[in-house]
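Visitor: Sequence:
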Amino acid sequence: KYEETENILEVVPLNCLLEPQFQQYLADTSQRLLQREIQALDKRLWHIDHQYDEQVC
1 KYEETENILE VVPLNCLLEP QFQQYLADTS QRLLQREIQA LDKRLWHIDH QYDEQVC
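For what it's worth, this note's numbering labels the leading residue of the sequence shown as 1, then goes sequentially.
Don't take every hint at face value.
Derived DEER-like restraints, expressed as beta-carbon distance ranges [said to hold, decoys possible]:
(1) His47 - Ala27: 45 to 51 Å
(2) Val12 - Leu45: 33 to 39 Å
(3) Pro13 - Glu54: 50 to 56 Å
(4) Leu14 - Glu54: 51 to 57 Å
(5) Leu17 - Asp42: 28 to 34 Å
(6) Leu41 - Pro13: 33 to 39 Å
(7) Arg36 - Asn15: 44 to 50 Å
(8) Glu37 - Leu14: 27 to 33 Å
(9) Leu18 - Gln39: 30 to 36 Å
(10) Lys43 - Asn15: 28 to 34 Å
(11) Pro13 - Leu34: 39 to 45 Å
(12) Gln31 - Val11: 18 to 24 Å
The hints are simulated quantities; they were obtained by calculation from the structure and are not laboratory data. Each residue gets a CB set at the ideal place from its N, CA and C atoms; glycine is no exception.
Required output: the full structure, derived from the provided sequences and hints.
Guide: See below:
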């Protein structure tokens, strides 16, 4: 079972969180994850739209 971490400070030391390179890494990683989610939603919507089109014909 996945155990949720309560606080990021339990995993990453505070001095690392303040480093600009780490902050950029977090921003880049978050952006990639959001892009993947958007692509997955777009794909799902495409399938829903085409499934409806097939039922109409």
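Visitor: Hint by hint, say whether it matches the structure.
Guide: Taking the hints in turn, this is what the structure says about them:
{"no.": "1", "hint": "His47 - Ala27: 45 to 51 Å", "result": "31 Å, violated"}
{"no.": "2", "hint": "Val12 - Leu45: 33 to 39 Å", "result": "36 Å, holds"}
{"no.": "3", "hint": "Pro13 - Glu54: 50 to 56 Å", "result": "54 Å, holds"}
{"no.": "4", "hint": "Leu14 - Glu54: 51 to 57 Å", "result": "55 Å, holds"}
{"no.": "5", "hint": "Leu17 - Asp42: 28 to 34 Å", "result": "33 Å, holds"}
{"no.": "6", "hint": "Leu41 - Pro13: 33 to 39 Å", "result": "35 Å, holds"}
{"no.": "7", "hint": "Arg36 - Asn15: 44 to 50 Å", "result": "30 Å, violated"}
{"no.": "8", "hint": "Glu37 - Leu14: 27 to 33 Å", "result": "29 Å, holds"}
{"no.": "9", "hint": "Leu18 - Gln39: 30 to 36 Å", "result": "32 Å, holds"}
{"no.": "10", "hint": "Lys43 - Asn15: 28 to 34 Å", "result": "40 Å, violated"}
{"no.": "11", "hint": "Pro13 - Leu34: 39 to 45 Å", "result": "26 Å, violated"}
{"no.": "12", "hint": "Gln31 - Val11: 18 to 24 Å", "result": "21 Å, holds"}
When each numbered hint is compared with the structure, violations occur for hints 1, 7, 10, 11.
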